[in-house]
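Sequences listed follow chains A and B, in order. Numbering-wise, the first sequence is residues 1 to 418 according to this note's numbering. Numbering-wise, the second sequence is residues 1 to 418 according to this note's numbering.
Treat the hints loosely; a few may be bogus.
Copies of the same chain look alike in the list, so a pair counts if it fits in one copy or across any two.
As the list claims (entries may be wrong) - Taking lysine to any residue and the SDA-like style, the derived pairs with C-alpha atoms no more than 25 Å apart in a straight line are:
(1) 110 <-> 416
(2) 329 <-> 108
(3) 276 <-> 318
(4) 231 <-> 209
(5) 277 <-> 313
(6) 348 <-> 328
(7) 104 <-> 118
(8) 163 <-> 393
(9) 196 <-> 78
(10) 196 <-> 386
If you're looking for bench data, these hints aren't it; they were derived computationally from the structure.
There are 2 protein chains.
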Amino acid sequence: MKDKKDHRIEIIAVGSELLTPFFQDTNSLYLTQRLNDLAMDVSYKTIVGDDWTDLTQSIQEALSHAHLIIAMGGLGPTKDDRTREAFATVLERKLIFKEEILKKIEARFKRRGMFMPQVNKKQAYIIKGALILDNKNGTAPGQWLDTKEHIIVLLPGPPHELKPMFEASVWPRLQKLRTDYVARRVLKTAGLTESKIESLIFDAYPKASHLNLTTLAYPGQIEIHMTAHSKESKAQAERRVKKLEKAILARLNDSVFSASGAELEEVIGNLLCLNKKNLAVAESCTGGFLGHRITNVPGSSEYFIQGIVAYSNEAKTNQLGISPDLIEKQGAVSPQVAQAMATGIKEKANSSYGLAVTGIAGPTGGTPEKPVGLVYIALAWDKGTEVSKNLFLGNREAIKFQSSQKALDMLRRHLLKS
Amino acid sequence: MKDKKDHRIEIIAVGSELLTPFFQDTNSLYLTQRLNDLAMDVSYKTIVGDDWTDLTQSIQEALSHAHLIIAMGGLGPTKDDRTREAFATVLERKLIFKEEILKKIEARFKRRGMFMPQVNKKQAYIIKGALILDNKNGTAPGQWLDTKEHIIVLLPGPPHELKPMFEASVWPRLQKLRTDYVARRVLKTAGLTESKIESLIFDAYPKASHLNLTTLAYPGQIEIHMTAHSKESKAQAERRVKKLEKAILARLNDSVFSASGAELEEVIGNLLCLNKKNLAVAESCTGGFLGHRITNVPGSSEYFIQGIVAYSNEAKTNQLGISPDLIEKQGAVSPQVAQAMATGIKEKANSSYGLAVTGIAGPTGGTPEKPVGLVYIALAWDKGTEVSKNLFLGNREAIKFQSSQKALDMLRRHLLKS
Numbered sequence: 001m002k003d004k005k006d007h008r009i010e011i012i013a014v015g016s017e018l019l020t021p022f023f024q025d026t027n028s029l030y031l032t033q034r035l036n037d038l039a040m041d042v043s044y045k046t047i048v049g050d051d052w053t054d055l056t057q058s059i060q061e062a063l064s065h066a067h068l069i070i071a072m073g074g075l076g077p078t079k080d081d082r083t084r085e086a087f088a089t090v091l092e093r094k095l096i097f098k099e100e101i102l103k104k105i106e107a108r109f110k111r112r113g114m115f116m117p118q119v120n121k122k123q124a125y126i127i128k129g130a131l132i133l134d135n136k137n138g139t140a141p142g143q144w145l146d147t148k149e150h151i152i153v154l155l156p157g158p159p160h161e162l163k164p165m166f167e168a169s170v171w172p173r174l175q176k177l178r179t180d181y182v183a184r185r186v187l188k189t190a191g192l193t194e195s196k197i198e199s200l201i202f203d204a205y206p207k208a209s210h211l212n213l214t215t216l217a218y219p220g221q222i223e224i225h226m227t228a229h230s231k232e233s234k235a236q237a238e239r240r241v242k243k244l245e246k247a248i249l250a251r252l253n254d255s256v257f258s259a260s261g262a263e264l265e266e267v268i269g270n271l272l273c274l275n276k277k278n279l280a281v282a283e284s285c286t287g288g289f290l291g292h293r294i295t296n297v298p299g300s301s302e303y304f305i306q307g308i309v310a311y312s313n314e315a316k317t318n319q320l321g322i323s324p325d326l327i328e329k330q331g332a333v334s335p336q337v338a339q340a341m342a343t344g345i346k347e348k349a350n351s352s353y354g355l356a357v358t359g360i361a362g363p364t365g366g367t368p369e370k371p372v373g374l375v376y377i378a379l380a381w382d383k384g385t386e387v388s389k390n391l392f393l394g395n396r397e398a399i400k401f402q403s404s405q406k407a408l409d410m411l412r413r414h415l416l417k418s
Numbered sequence: 001m002k003d004k005k006d007h008r009i010e011i012i013a014v015g016s017e018l019l020t021p022f023f024q025d026t027n028s029l030y031l032t033q034r035l036n037d038l039a040m041d042v043s044y045k046t047i048v049g050d051d052w053t054d055l056t057q058s059i060q061e062a063l064s065h066a067h068l069i070i071a072m073g074g075l076g077p078t079k080d081d082r083t084r085e086a087f088a089t090v091l092e093r094k095l096i097f098k099e100e101i102l103k104k105i106e107a108r109f110k111r112r113g114m115f116m117p118q119v120n121k122k123q124a125y126i127i128k129g130a131l132i133l134d135n136k137n138g139t140a141p142g143q144w145l146d147t148k149e150h151i152i153v154l155l156p157g158p159p160h161e162l163k164p165m166f167e168a169s170v171w172p173r174l175q176k177l178r179t180d181y182v183a184r185r186v187l188k189t190a191g192l193t194e195s196k197i198e199s200l201i202f203d204a205y206p207k208a209s210h211l212n213l214t215t216l217a218y219p220g221q222i223e224i225h226m227t228a229h230s231k232e233s234k235a236q237a238e239r240r241v242k243k244l245e246k247a248i249l250a251r252l253n254d255s256v257f258s259a260s261g262a263e264l265e266e267v268i269g270n271l272l273c274l275n276k277k278n279l280a281v282a283e284s285c286t287g288g289f290l291g292h293r294i295t296n297v298p299g300s301s302e303y304f305i306q307g308i309v310a311y312s313n314e315a316k317t318n319q320l321g322i323s324p325d326l327i328e329k330q331g332a333v334s335p336q337v338a339q340a341m342a343t344g345i346k347e348k349a350n351s352s353y354g355l356a357v358t359g360i361a362g363p364t365g366g367t368p369e370k371p372v373g374l375v376y377i378a379l380a381w382d383k384g385t386e387v388s389k390n391l392f393l394g395n396r397e398a399i400k401f402q403s404s405q406k407a408l409d410m411l412r413r414h415l416l417k418s
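Chain A on its own, in the form it takes in the complex (with noise of 0.2 Å):
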C-alpha cells in the first residue's frame, strides 16, 4: 500500500444465498473484530451475488473507497465461482496455474479415497503476484496480493475455512502493517439499568482521545465495552485500558460479573466448583430455561443435580411438596411460592442451593394485579432463603431469558458473600 497509514478498509461478503432472506454475512464480524485488535476500522461492507457483472462492478468500487480489501466467498469449484476470475479481470492480471496447489487439492481427495473431480482444477489457479495462504480444512486456498495500490486478500466463505486461515496467514501479515495498539476490556454487568450505570460512571468517562467507552445494552446485561490506542507499544495501551477499567470497576464493583468474557452460567459454575456447592432449580415459567444455561457449560455435571420443570400447579405440589392451600392463597405467581419452591427443591436433591423461578412470561396469563412479566425469583441456601420480585419487559423469549439471568446472578451475589 502507498500510505500505510491510510488503512481504508472494505470487506465484500461473495455469494448469491447472502441475498435471500435465509443467510446472514455473519463472517465479517468476525472480520471485524480481529481488524478492530489491529486498531484497523471496517469503512465499507459490500454483499454481491454471483452475477459477473455486479461482481466486477463492486471490486472496482472497493478498488475506489479502500486500501485494503478483504473479499470471502466465490472461490469454490462450481461455475458460479468466481471471486478469483472477477479480482483478477479487474486488476487486469492473469491468472497463473499452481501445480503445488493441485497437487494438495488432489491429496486431500485421496485421503479419503477419492479422486478429484475435474472442476476443482480451477482451484488450483492465483492471481499474478499474490501469495497462497493454506486451506487446512477445505480445497479452496485463500490468496493476499500486494499491488502497492491496494492489499487483495481472498478467503474462503465457510467459518470453519475462512477463520483459521485468517489466524495462520493474514493476521500476522496484517500486523506488520499496524500503525497503531490497541487494547480492549469488556465489562459485563447484571442487576443495573442501563441509566443506573451511566450515573454511576458519569465521572470516570475518559476525555482523552486514545481512549475509548461504550455501554451496550441487551435486557438483563449491560457491557461496558473499552478501549486504549497507543502509537508507542501494545504494553502503553494495555497500560491505559487497565487504568479505565480499574476506574470502572471500583464504581460498579460487584455488578461486573465478568471481566474475561466469560457469561454468567461460567461465572457461577466456577464460583460453585471454589466454593465445592452444588445446586438444583425448580423452574415454572422458565420452562427448562435456566437449566438449559446451566448445562451449557462443560462439565456442569459436577454442580448441577437436578431441576424441575414445575409447569402445573399439580406438579408444584406433587414435586415439590408446596401445599395446594398456599397456591390458592397466594397464587403460584407469589414470593411465597417462589420461596417454597427453592426449599423444596433444596431438600429434594439435597443441594447445598435451591434457585427456584415462577412467573407470567405471557403473552396472556396477565391481570391488573400480576401483569405480563411479574416474576418472583427465590434461592434457598442452609439457612435462609432470598426472594426477588420483578418486572421484566419484553415478549416471551425476553422475559425467560431475563429470568434466568436475575437467577442466576441472585446465585452468584450469595456466593461472593459467603
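Starting from the known structure of chain A, fit chain B onto it as the hints suggest.
Okay, now just chain B, sitting in the frame of chain A:
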C-alpha cells in the same frame, strides 16, 4: 422508473454501529423476504457508516447499479444522521421544510408531556418531490421519491419503526410496480437426512423455469423452499406452487411436520390439544432445553405438566425411580435407562406421555463405546414404549438441539398414528 420490468434493487444500511463487531443488519432480511414476495430480487446490499464521503459515494454507486434503492438508518435528529442530506446532495435536489411533519413530531413529544428538542426540527425536511411516509412509532418520517430514473425509499433504522412503515406505505406502492406474481411454500421436515430427502424428491424436481425448489439444511431440520412465478396472476402462481407442493408431500409424507411455517414445538402442542393428551419430560443431556422449547409456545401450560432435569445419577434414582443397579449395569446413557426415564416421568406426572433424553453432549465424557453425540430418546404412553438410538454430530449446543428435535419428532409421529 424508466423500465418497470428492470427492477434492479439495492439495499443500503447506514450506521457506523453496523461496522462494529456487535451489530448486524437484520432489517435487510425482512425487506428481502417482502421484496421476494413481489417477485423482486435484491442485487446488492451495502453497509456504510455516517462518514459523509463514504455515504455520498455509496449513494452515487447505488444509483448506477440499481433502479430501486431502499436506504435505512440515519434519519434521526443527531448530527451523525445525514441520510436525507446525502441523498438530496447526490440527487441535486433541495430539502424542503414541511410544517405538517413538524406538527406531528411536536404533538408526539407533547403526548409524552415533553417539548420537542430543537434538533428534531431537521426531521421535518424532505427531498423535493418525495412523498412523506408516516411513522407511527417514531419521530422520523420515511420518504418515497420517484425520479423517473430511480425509485428511492428512505426508512428509519429501528425495526419497530421500519416494519410497520414498510407494510403500510411502501408495500402498496411496490405492488403497483410488480410485473410478475409469485407464490411460495416452505415444507419443514424432521427425521430424514438431506441426502435421503434429495433421493426421495429427485424425480419431482421442477423443470419449468417458473418453478424453483431449494433445500435448506439445519441440524435436525431440512426445509424445502418452493416458489412459483406467473406473469398472469397470483392465482396461477398459487396453482403452480400447490401442484409442486403436492408432489413433494407425496414423496416425503409424514416426514413433513409443517407446511405453515410452524415450528415443531407448536405442531406437537396442537396435536396434543387436538387429542386431549398431555406431556411430561425427563431430561439428562438436554439439561432443560426440551422443556424450554415446549414452553416457548404460548398456552403450553394447557398440555405441559412438568419436566425433570435428572442430571446426576442420584437424581435419576430419586426423582424417576430408576434402580441404581440398572444405571450401574447399563450405564446412564443406555436404551434401558432412557426407557425407564420415560416411564418414570409418565407415572410420576400421571400424564398421557412421558418423553426422555439421555446422552453425551460433550465436549468431554465420551468413550470409544459411548462417544460424544450418542443420545437415547424414549417415549412412553399407556400401552407401550419406544426407544431410539442416535449419534449426533456437532458441538454441545448442536447436540442438545438435535436431541430435542428428535424427541419432539418421535412424539409427533406417535400422535399422528394414534
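**Numbered hints the structure breaks, given as an ascending list** = 1, 2
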